[in-house]
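Dock chain to chain to rebuild the complex, using the hints, since each chain is given by itself in its own frame.
Protein chains in written order, with the numbering used here: chain G, 27 to 137; chain P, 6 to 118.
These aren't lab readings, by the way, just hints derived from the structure by calculation.
Each hint should be verified, as a subset may be incorrect.
List time: in silico SDA-like cross-link candidates among lysine to any residue, alpha-carbon distance up to 25 angstroms [as the list claims (entries may be wrong)]: (1) G:Lys-97 - G:Ala-129; (2) G:Lys-68 - P:Gly-101; (3) G:Lys-97 - P:His-34; (4) G:Lys-97 - P:Gln-46; (5) G:Lys-82 - P:Arg-56; (6) G:Lys-97 - G:Thr-36.
Over the 12 angstroms line for every Cβ pair with chain P, so calculated as not near, a few chain G residues [claimed, not checked]: (7) Leu-34; (8) Val-39; (9) Glu-41; (10) Asn-44; (11) Gln-64; (12) Thr-89; (13) Val-96; (14) Lys-97; (15) Asp-110; (16) Val-120; (17) Thr-132; (18) Thr-134.
What the simulated footprint calls covered on chain P by chain G, stretch by stretch (three residues with Cβ under 8 angstroms from a Cβ of chain G suffice, anywhere in the stretch; the number is not a length) [unchecked claim]: (19) 43-56; (20) 60-74; (21) 106-116.
Cβ atoms here follow ideal geometry from the backbone N, Cα and C, with glycine treated the same way.
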Amino acid sequence: GESVGLHLPTLSVQEGDNSIINCAYSNSASDYFIWYKQESGKGPQFIIDIRSNMDKRQGQRVTVLLNKTVKHLSLQIAATQPGDSAVYFCAENVDDYKLSFGAGTTVTVRA
Amino acid sequence: ETGVTQSPTHLIKTRGQQVTLRCSSQSGHNTVSWYQQALGQGPQFIFQYYREEENGRGNFPPRFSGLQFPNYSSELNVNALELDDSALYLCASSLGTTQETQYFGPGTRLLVL
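Chain P extracted, bound-state conformation (with noise of 0.2 angstroms):
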């Protein structure tokens, strides 16, 4: 079985530009979900996507954006990049939608001068 991956491991961007992170759920998960964890802090929830759709939203802004593939896999597209944006961010994937445990990968490390 294989767990969640995600690439790239490591990424450093300019305001302004704009980032695609990718993400492989875990085999037979169908759900991904994505975070933001600042420095010191905990993961903070991006958005969920099912079935190629998004299936809820946290407190973050339009720039950030997904996608879905009919082989489960997703992307987070974040736009216009600040500073703040500088963030690990993970993704986990799950049986389903509903009280479903959340397996995480590793995470992208993104870096914004």
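For reference, chain G alone in the conformation it holds in the complex (with noise of 0.2 angstroms):
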């Protein structure tokens, strides 16, 4: 089975606000872990991405946190915009070379 996994496979976030996507992985010897954004009819995206020997990362607009302990990862998405709708993969690089992804969370931004 896969071993990463997003907690809710569907958000909704008002224009504005703040999204926060949720990611379990299994294998606690995963030390390197990536988001991705993927759009209708694209391949995905990097957003950002996250070693473990950190427990957070900002990028523009966007904040990885890391939880090695509980095995989480989340991104956190200020001022949720339209253009943002999407669906987010989290990825786990395993045995250093090859992505393992979770099923998705399709964001969808309310006007």
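In structure tokens, the structure reads:
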């Protein structure tokens, strides 16, 4: 089975609010994680990554948090915009070279 | 800088046929990974190529094979197509093999009838 999974398959958020997308992983040896955004008809787009020697990393309007104790990571999107509507995947780097993806969370932004 | 490109964008085949999908890596990237994404699911790792050699393989049968060329572009070949092979096939390139960020192309949508 997949080693990476998301807590909720769908998330509806009001435009301008903050979004939080959660992800649980099962392999305690994993030490590199990536968040991707996939819009309809497109390939996954890199958002942000984090390594296990960090517990927080910030990008432009996005923050990734990693809790190794409970094997959980989250993606926070500040001031969600209509263009943020997409499917979000967390991916775990397995055996140092391949990515293992969860099923994804579909984010819908309400105007 | 040119991103990852894939061709064709769409393809329709029938059961038992063979298909070749192509990928050009992002400028400067020497590693290519292939993934299969069924509808409504996350991508599944097929294999990775580095320096024209297969660097690792996921849980896919031998009828899935690949190549990498000296210019780092890559091909995915699937023989004896089955209905369940219908999916989006994604190519991702990276600077190396170990814990490197993988950047994805737009994918090839394959439909097997």
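The hints, checked one at a time:
For the hint pairing Lys-97 (chain G) with Ala-129 (chain G), the CA-to-CA distance comes to about 17 angstroms; that is within 25 angstroms, so the pair holds. The straight-line distance between the Cα atoms of Lys-68 (chain G) and Gly-101 (chain P) is roughly 24 angstroms, inside the 25 angstroms bound, and the hint therefore holds. With a C-alpha separation of about 31 angstroms, the suggested pair Lys-97 (chain G) and His-34 (chain P) falls outside the 25 angstroms cut-off, and the hint is violated. A hinted pair counts as satisfied when its Cα atoms are at most 25 angstroms apart, and Lys-97 (chain G) with Gln-46 (chain P) qualifies at roughly 22 angstroms.
Taken as a hint, the Lys-82 (chain G) and Arg-56 (chain P) pair is broken in the structure, with Cα atoms around 34 angstroms apart against an allowance of 25 angstroms. For the given pair, Lys-97 (chain G) sits about 21 angstroms from Thr-36 (chain G) by alpha-carbon distance, which is consistent with the 25 angstroms threshold. Separation of Leu-34 (chain G) from chain P is adequate, the least Cβ-Cβ distance of about 15 angstroms exceeding the 12 angstroms criterion. Separation of Val-39 (chain G) from chain P is adequate, the least Cβ-Cβ distance of about 21 angstroms exceeding the 12 angstroms criterion.
Chain P leaves Glu-41 (chain G) outside its interface by the beta-carbon criterion, the shortest separation being 25 angstroms against a cut-off of 12 angstroms. Distance to chain P confirms Asn-44 (chain G) as a non-interface residue, since its nearest Cβ pair spans about 24 angstroms, more than 12 angstroms. The Cβ of Gln-64 (chain G) sits about 9 angstroms from the closest Cβ of chain P, inside the 12 angstroms cut-off, so the non-interface label is violated. A cut-off of 12 angstroms between C-beta atoms confirms that Thr-89 (chain G) is not in contact with chain P; the least separation is 18 angstroms.
The non-interface label for Val-96 (chain G) is consistent with chain P: the shortest C-beta to C-beta separation is roughly 21 angstroms, beyond 12 angstroms. Distance check for Lys-97 (chain G) against chain P: the nearest CB is about 17 angstroms away, which clears 12 angstroms, and the non-interface claim stands. The claim that Asp-110 (chain G) is not at the interface with chain P holds, since no C-beta of that chain comes within 12 angstroms of its own (minimum 18 angstroms). Not every Cβ of chain P is farther than 12 angstroms from the Cβ of Val-120 (chain G); the closest lies at roughly 8 angstroms, contradicting the non-interface assignment.
Look at Thr-132 (chain G): its CB is around 10 angstroms from the nearest CB on chain P, not clear of 12 angstroms, so calling it non-interface is violated. Thr-134 (chain G), annotated as away from the interface, keeps every beta carbon of chain P farther than 12 angstroms; the closest lies near 15 angstroms. Residues of the segment 43-56 of chain P with a Cβ under 8 angstroms from some Cβ of chain G number 7, which satisfies the need for three, so the listed coverage holds. Residues of the segment 60-74 of chain P lying with their CB closer than 8 angstroms to a CB of chain G number 3, which satisfies the three-residue condition for coverage.
Counting residues of the segment 106-116 of chain P whose beta carbon lies closer than 8 angstroms to any beta carbon of chain G gives 7, which meets the minimum of three for the stated coverage.
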